[in-house]
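Dock chain B against chain A, hints included.
There are 2 protein chains.
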Amino acid sequence: MKKIIIASTSTLHEERYLEYLLPVLESHFKNCKSILFIPYARPGGISHDEYTQKATEVFLSINISVKGIHEFENPETAIKEAEGIFTGGGNTFLLVSQLYRKNIMQLLSETVKNGTPYLGTSAGSNICGLSMQTTNDMPIVYPPSFQTLGLISFNLNPHYLDAALESKHMGETREERIHEFHAFNSVPVLGLREGSWLEIKGEKITLKGNLSARLFQQNQLPTELDPESDLSNLN
Amino acid sequence: MKKIIIASTSTLHEERYLEYLLPVLESHFKNCKSILFIPYARPGGISHDEYTQKATEVFLSINISVKGIHEFENPETAIKEAEGIFTGGGNTFLLVSQLYRKNIMQLLSETVKNGTPYLGTSAGSNICGLSMQTTNDMPIVYPPSFQTLGLISFNLNPHYLDAALESKHMGETREERIHEFHAFNSVPVLGLREGSWLEIKGEKITLKGNLSARLFQQNQLPTELDPESDLSNLN
Chain A
2 MKKIIIASTS TLHEERYLEY LLPVLESHFK NCKSILFIPY ARPGGISHDE YTQKATEVFL
62 SINISVKGIH EFENPETAIK EAEGIFTGGG NTFLLVSQLY RKNIMQLLSE TVKNGTPYLG
122 TSAGSNICGL SMQTTNDMPI VYPPSFQTLG LISFNLNPHY LDAALESKHM GETREERIHE
182 FHAFNSVPVL GLREGSWLEI KGEKITLKGN LSARLFQQNQ LPTELDPESD LSNLN
Chain B
2 MKKIIIASTS TLHEERYLEY LLPVLESHFK NCKSILFIPY ARPGGISHDE YTQKATEVFL
62 SINISVKGIH EFENPETAIK EAEGIFTGGG NTFLLVSQLY RKNIMQLLSE TVKNGTPYLG
122 TSAGSNICGL SMQTTNDMPI VYPPSFQTLG LISFNLNPHY LDAALESKHM GETREERIHE
182 FHAFNSVPVL GLREGSWLEI KGEKITLKGN LSARLFQQNQ LPTELDPESD LSNLN
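Taken in order, these protein sequences are the chains called A and B. Here the numbering used here is used: the first residue of the first sequence is 2, the next is one more, and so on. Here the numbering used here is used: the first residue of the second sequence is 2, the next is one more, and so on.
Because the hints were derived from the structure by calculation, they are not lab data.
Distance condition first, Cα-Cα at most 25 Å in a straight line; then the derived BS3-like pairs of lysine-lysine:
hint, chain 1, residue 1, chain 2, residue 2
1, B, 209, A, 169
2, A, 169, B, 169
3, B, 169, A, 209
4, A, 55, B, 169
Next comes chain A alone, as it looks inside the complex (with noise of 0.2 Å):
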């Protein structure tokens, strides 16, 4: 059965590293002593080591031990026996080239439909949709494609941002730039806002923490979904 948590960020405002999503990681993750970390997209260009150790600090506060895939000599033996899996945020393009690189996009996405429980936040949540693109970052690497996990069958927009109606600036705001990832594709988009996160157990999807969602879709304007909506059935 999966067991998933796809989270919009990391990190809220002058708070804590994941110390909005604490409480829900202790149940996601009871039966899990350690956990896989992907530290791949390297938010700021820092280490893997450094990465690992700042996802290690958190989890230590709810005793569940964390080592990272770099530690490990064999990713793809990493993955199968992981008890849980943790991909966090930074770079989506870093982070689809190394999972390619290292040959375990399809694992990863087959381990997790299995139901080791895993949790993404920012880029590790991006990849949990059909491709990555709707995701914000900027190319700083090419990939070898922008298929990604398919956890579910929509994309995801996290740190969905409204459009600012004082701004001056005349780049695209990010409902534009749905839009016009629409124009030559299908796939729904949910704008998932900071403080969201989709919960998934088994082939249940919901809407999580307190704010709506934007969901858009191909021809059609935008809505608002409320927290608690299930998004089972959306594709």
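Relative to chain A, chain B alone:
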């Protein structure tokens, strides 16, 4: 002799399309009765015809006719025979994909390097750098490569936006994204604010407009460059 205008944006807040650049363009294209428009970036998913019409209306006011590259049977011939070339903004992934699909990326680069006057705005400016890897756009299509025209020896970040200090949003700032680019790439990046442009005459590259530009170089602190700065030796 190279003759190139690379503009951060086509449009300033509360101005009409290309309005602020019009006196510059009148001089830039003074030997052209007509120019070739490349509408492939299709902002907001509008059609090639609609986009070309928008450019046509503006250039009409300075007595220059416009023909879209999509109106030609052979895009290679269109580029070779063009008196001047203008690539409009929109989505850089889409633009680059189309230039490769039509097999004209290299021809366009050679043609502009050989002296055909060129104007790029936004996505049409992004492609003037060594790669499109510092675009702000969403990866709505998968291009066969991120390499671009290489008309200059550095990369651009058009619509450069300073971080909003009061923001509670936890997504990366533009500066943080460029910093991540430099964790993996040594190419300098020039953040061009809206209203700024580069003027290239032969090998001379000059920053134009009223605003400073922000220069990012690997392993160095960013610096601000004043208008009229000479960027000819940046690489």
